[in-house]
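Participant: Now for the letters of each chain:
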Amino acid sequence: MEFTVAQIAQLLGGDVEGNASRRINQLAKIEDGTEGALCFLSNLKYEQFLYTTAASAVIVGRTFEAKKAVNPALIRVDDAYSAFSRLLEEYDKALKFSKTGVEQPSFLGEGTEVGEGIYRGVFSVIGKNCRIGANVKIHPQAFIGDNVRIGDNTVVHAGVKIYDNCVIGARCSIYPNAVIGSDGFGFARQPDGSYRAIPQLGNVVLEDDVSVGSNTNIDCATMGSTLIRQGVKLDNLIQIGHNVEIGKHTVIAAQTGVSGSAKIGDNCQIGGQVGVAGHISIPNRTIVTAKSGVSKSFRKEGLILGGNPAMENTDFLRSRALLRQLPQVLPQLAKRVGEIEKEVKALTLPAGEPESLP
Amino acid sequence: MEFTVAQIAQLLGGDVEGNASRRINQLAKIEDGTEGALCFLSNLKYEQFLYTTAASAVIVGRTFEAKKAVNPALIRVDDAYSAFSRLLEEYDKALKFSKTGVEQPSFLGEGTEVGEGIYRGVFSVIGKNCRIGANVKIHPQAFIGDNVRIGDNTVVHAGVKIYDNCVIGARCSIYPNAVIGSDGFGFARQPDGSYRAIPQLGNVVLEDDVSVGSNTNIDCATMGSTLIRQGVKLDNLIQIGHNVEIGKHTVIAAQTGVSGSAKIGDNCQIGGQVGVAGHISIPNRTIVTAKSGVSKSFRKEGLILGGNPAMENTDFLRSRALLRQLPQVLPQLAKRVGEIEKEVKALTLPAGEPESLP
Amino acid sequence: MEFTVAQIAQLLGGDVEGNASRRINQLAKIEDGTEGALCFLSNLKYEQFLYTTAASAVIVGRTFEAKKAVNPALIRVDDAYSAFSRLLEEYDKALKFSKTGVEQPSFLGEGTEVGEGIYRGVFSVIGKNCRIGANVKIHPQAFIGDNVRIGDNTVVHAGVKIYDNCVIGARCSIYPNAVIGSDGFGFARQPDGSYRAIPQLGNVVLEDDVSVGSNTNIDCATMGSTLIRQGVKLDNLIQIGHNVEIGKHTVIAAQTGVSGSAKIGDNCQIGGQVGVAGHISIPNRTIVTAKSGVSKSFRKEGLILGGNPAMENTDFLRSRALLRQLPQVLPQLAKRVGEIEKEVKALTLPAGEPESLP
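Residue numbers (this note's numbering), protein chains in the order written: chain A, 1 to 358; chain B, 1 to 358; chain C, 1 to 358.
Keep in mind that the hints were calculated from the coordinates and are not lab data. There's no promise every hint is true.
One copy or any two copies: either way a pair holds, since identical chains are not told apart in the list.
[Claimed, not checked] The calculated lysine-lysine pairs, modelled on DSSO-like cross-linking and capped at a C-alpha distance of 30 Å, are:
hint, residue 1, residue 2
1, 296, 29
2, 248, 345
3, 335, 45
4, 45, 263
5, 296, 45
6, 248, 300
7, 345, 335
8, 128, 99
9, 29, 96
10, 29, 128
11, 345, 96
12, 93, 67
13, 263, 29
14, 248, 96
15, 248, 29
16, 67, 45
17, 45, 29
18, 248, 93
19, 128, 96
These figures come from a predicted structure and were not determined experimentally.
If we strip away everything but chain A, and leave its shape as in the complex, we get (with noise of 0.2 Å):
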């Protein structure tokens, strides 16, 4: 895509300064702007960089003074990170779902109903009895089983496999190689000790809005649902158990694992590497750190926890201090409780007496 300084400036409501016939065919940072290149100027510290960019056009503020000669053209608006952002985000967009059509080979299920604008890349899979929505995006080796639905305008990254009977929203993202459906790890132990499998027979519901990032996987309940509601940001390499719940706007960092049947709040921030129990529940709006493994319930909302077994964060870093500290302090402490007992001992015995006289 190719558009003239002109056409940007007038997108975002701004004035041109210099050649507003310049081709511009690229988003970059000012400090590494090259020809044809759009770039934005908001914090001053960057600002030796208009001087010297080969950018073809920079967007600044309205009140912004250059205090040298600047090559690329300026577009000048009230608030250039906020229109710069507006850019990407059109950009990102008009990229994202500008692929329509259906490739072949791929494969399309008998009594599947697709929407308008859908695109369904080749060898892409999408089962029997499915309903997918409008501008729908399944992209190349993408997976969908049968009894399916997705709501509008999501978009299925190459590789994802989403198995049958789960219910996917609009508007949701679902990156590379993700696998939405698949069964719970459920066995129930034998008698000679081996482990006979629990039918998993449940779905996965995915709420609107919702973000499943590249490798993470989300098991289908033993009965019933998995439930990622609206808005939920996951990101790569989670492993989300059976029957779990996950409330609206939580956020999950990479590699965090979630054990069957945990409830997790509304407005929840997970760190990365993050072990949450089986069954457990933690409340709206907690904040887990990194790394921590939450193996209780929690009742209060808006705690920060951490550690493992996580406590509330203030509890963790205290002890964390005092252990780095105990090389030091219980050396000391045991020397001054050795040089008491010395001179204890020599209040005790009567003076001149020696200790081991007969």
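Using the hints provided, position chains B and C relative to the given structure of chain A.
Facilitator: Just chains B and C now, with coordinates in the frame of chain A:
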């Protein structure tokens, strides 16, 4: 699939009370039952739902006495829970093994032999000179390399990659996007600080009844075999390094990593996010709690291990409890020592004589 | 592939003792050798197997003297271990680069140029305007987006997903189901508690000789590049966030996560299940032990770090040892203090005078 209440009662050897011709098309928990659903009532904690459920039939014990009028048909059996479990298993099996035949396009290499009742999904690949048993199900977009053997009734899910020369037993389940037999992580450091890959020419052997979770990796051996013995159950996102050996009926929870050449015994239970160091041994019936780091071999069977580095769990819990108490205990102890020091000093100084007397 | 003992001896510049016309079709450890296998004997600890092995040939040193009769042919060389390693590497290379040509169906976008000796596996996808070097191997079901560049002799394994605009060097290995260039995890919190995705428009650059393990993720930069420098080796199930930079010849073990914008130096060794916080720096030649959490920048090169939060490993080990001793040390110390308290009290109370005198 749809059955009448009478058909299900006959299958279970049960007796019907109520309308035996109602049609059943799903299984559900009694609190979730809707028209067409079959539920069960075993734990009387849930009895209230029997009188309000919209389910079409409920399995109950022969001696159960309803306290109010009941809408669904009742199927009376000796043990309601067992009967329902059996139904679940039959249903699950029927689902998992219902697909047969070959979807096109799919790829089958020269010299490969496949058994009866096999399913080969669309865009699946099976390499050269493989031996694939009866009733094996190869889901769409799965990849099987050259010279691979797979036993009867094994299910290979969508997107799984099984590399050359691997041997997979009977009745195994390999979940979506798992990778089996990729190169181990072996590099020899060169004098200039760079690394040279050590060829990884071995394979992976899964014995019968092994389960491998989605996005789990089992690396091939450098030479010889990485060996996963009968009945082992691996959850999702697990890393198994080259030349590892895992004993019979051991279960490992999600996101655990086992480094190269480690050996884990039979009937072990390894929690989630555990790390196991390379070249160490864990004996039979060991339990390792979640997030532990096992850094050395243990000799005694049946221990419970915890912590990082892992120790006997009782020791670990004691250390951890003390660590939590440290912020109280240690300053208190220091205060007591300080007070004694003062008193002892008072005792050793002659009364009334100032300390700094020249 | 099959060779005679004489052919292999010639390749290695060795001399044959015994039947030089025997046929070799596999390489094995001497304790596992069967008919058709070639083994080596370097460490004399394994000499016993020479007299019992069923292998067809064994590589030994020129000066080695057998103590008993030997069944396999012997190939005498200067250094048995090196000779065998060379054979392994040649064999490995022959295997990895033996496939050429295009399997159908596969997908090639408009404007893409591919080099000589390339292999494009069945159901693989290469997007538009890519530049793919000579001898590149794209395995089945791999996906390569638009505008991607790949250097000569790189192997992209089955199911790998490489997104638009990424740049991959020469002689790289990307293992099955790895994901390169998917969106970074960047969201801006909105006043109502929901999150809005920050467009991720950058790419990933892998320099030459990089290895990326199976199911490992490297996110694209927000703008600019996530940069993996020459010779970096990444194990399986690793998470590399957006805008991370990893220096030359650094190796990272499985299941480690590096958060956005972190910078890791050259020649570092990072253990498994390590977490690295965002926006921090780790200097050259740092060693980070397994399961550590690096939460702040370090300045000094060549440190060994351990613990969570990571500190110099000697400090960490000292703290950890003390923590283990606490259950003994602390009660003991408390007991000693209690005893002194009693004695001091006895000394400070006038003899014979009861404590509770009114």
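Participant: Indicate, hint by hint, whether the structure satisfies it.
Facilitator: Hints versus structure:
For a Cα distance limit of 30 Å, the shortest separation of residue 296 from residue 29 across copies, 26 Å, qualifies, whereas the shortest one inside one copy, 45 Å, does not. Proximity of residue 248 to residue 345 under the C-alpha cut-off of 30 Å is found in neither arrangement, the shortest distances being 67 Å within a copy and 62 Å between copies. In this assembly of identical chains, residue 335 and residue 45 lie within 30 Å of each other by CA distance neither inside one copy nor across copies; the values are 54 Å within and 51 Å between. Proximity of residue 45 to residue 263 under the C-alpha cut-off of 30 Å is restricted to the inter-copy arrangement: shortest distance 22 Å between copies versus 45 Å within a copy.
Taking the shortest alpha-carbon separations for residue 296 and residue 45, only the inter-copy value of 24 Å comes in at or below 30 Å, while the best intra-copy value is 47 Å. Taking CA atoms no more than 30 Å apart as the test, residue 248 paired with residue 300 passes inside one copy only; the shortest distance there is 18 Å, against 43 Å between copies. With identical chains, the CA atoms of residue 345 and residue 335 are at most 30 Å apart both within one copy (15 Å) and between copies (16 Å). Proximity of residue 128 to residue 99 under the C-alpha cut-off of 30 Å is found in both arrangements, the shortest distances being 23 Å within a copy and 13 Å between copies.
Taking CA atoms no more than 30 Å apart as the test, residue 29 paired with residue 96 passes inside one copy only; the shortest distance there is 21 Å, against 40 Å between copies. Proximity of residue 29 to residue 128 under the C-alpha cut-off of 30 Å is restricted to the inter-copy arrangement: shortest distance 26 Å between copies versus 46 Å within a copy. Proximity of residue 345 to residue 96 under the C-alpha cut-off of 30 Å is found in neither arrangement, the shortest distances being 82 Å within a copy and 78 Å between copies. When the C-alpha separation of residue 93 and residue 67 is checked against a cutoff of 30 Å, the pair qualifies neither within a copy, at 36 Å, nor between copies, at 60 Å.
In this homomeric assembly, residue 263 and residue 29 come within 30 Å of each other (Cα to Cα) only across copies, at 19 Å, whereas the closest approach inside a single copy is 41 Å. For a Cα distance limit of 30 Å, the shortest separation of residue 248 from residue 96 inside one copy, 25 Å, qualifies, whereas the shortest one across copies, 33 Å, does not. In this homomeric assembly, residue 248 and residue 29 come within 30 Å of each other (Cα to Cα) only across copies, at 25 Å, whereas the closest approach inside a single copy is 33 Å. In this assembly of identical chains, the alpha carbons of residue 67 and residue 45 lie at most 30 Å apart only when taken from the same copy (14 Å versus 77 Å across copies).
With identical chains, the CA atoms of residue 45 and residue 29 are at most 30 Å apart within one copy only, with a shortest distance of 13 Å there and 61 Å across copies. In this homomeric assembly, residue 248 and residue 93 come within 30 Å of each other (Cα to Cα) only inside a single copy, at 24 Å, whereas the closest approach across copies is 35 Å. Proximity of residue 128 and residue 96 under a CA criterion of 30 Å is satisfied in both settings, with 26 Å inside one chain copy and 15 Å between copies.
Of the numbered hints given earlier, the model fails hints 2, 3, 11, 12; all others are met.
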